[in-house]
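Student: Chains as they are written, first to last, in this note's numbering: chain E, 1 to 114; chain F, 1001 to 1116.
Bear in mind the hints are in silico, worked out from the structure with no lab data behind them. There is no bait here: all hints are sound.
Keeping only pairs whose Cα atoms sit at most 30 Å apart, straight-line, the calculated DSS-like set for lysine-lysine is:
#1 F:Lys1108 / E:Lys13
#2 E:Lys102 / F:Lys1068
#3 E:Lys102 / F:Lys1052
#4 E:Lys30 / F:Lys1108
#5 E:Lys102 / E:Lys30
#6 F:Lys1052 / E:Lys30
#7 E:Lys30 / F:Lys1060
#8 E:Lys102 / F:Lys1077
#9 E:Lys102 / F:Lys1060
#10 F:Lys1056 / E:Lys102
#11 F:Lys1068 / F:Lys1108
#12 F:Lys1108 / E:Lys102
#13 F:Lys1068 / F:Lys1056
#14 F:Lys1060 / F:Lys1108
#15 F:Lys1077 / F:Lys1108
Source: prediction; values computed, not measured.
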Amino acid sequence: DAGVTQSPTHLIKTRGQHVTLRCSPISGHKSVSWYQQVLGQGPQFIFQYYEKEERGRGNFPDRFSARQFPNYSSELNVNALLLGDSALYLCASSLYPSTNEKLFFGSGTQLSVL
Amino acid sequence: GNSVTQMEGPVTLSEEAFLTINCTYTATGYPSLFWYVQYPGEGLQLLLKATKADDKGSNKGFEATYRKETTSFHLEKGSVQVSDSAVYFCALSEGGSGGSNYKLTFGKGTLLTVNP
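Can you make the complete structure from the sequences, with help from the hints?
Tutor: This is the structure we're talking about:
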């Protein structure tokens, strides 16, 4: 079975541009979360979606937005990119958004903002 | 708010040495605690978890015990291998069960290098 897949794997953008990152969860998983991992730091929670509804939002500016589609895949959008947005963006899926459910992470999208 | 503090790395050991990576947490409630591992070029993988005080999580020779009195969840392994070289993250969960919300708060990670 395929794991969590993210695309693209690498991306280079310039300041002020917009970016869309994509995530396909494990088949049957209805919950998707996004995390930002800056080099040398632990991942930081950005969003969680379940059944196409936002269930949680981390401490990120409104330039960050996301959505979940009927097939449970998800997009993360970042507008007006800043140099500080350069990071590895991780997507994770689970059956439900519960502490009892195991999270499965994708390999991430490495975003570089120049 | 909730936070996780883990020992600074990098940690370099010889094969078959004993490993301890310290982790302490601050939480307002009763979180679940986790250790995740990140191998080079890969995403995070759950290594082990504990959901309540005095629980011991274990997997692949790694162990960690949920100590509420010291708010700690230290990772240990009796004999490390070269293949254990990776970044290790301690984390705690926040949010309710039953479909409300669920997020992980991670420490900064500890790079472990095991030499033959």
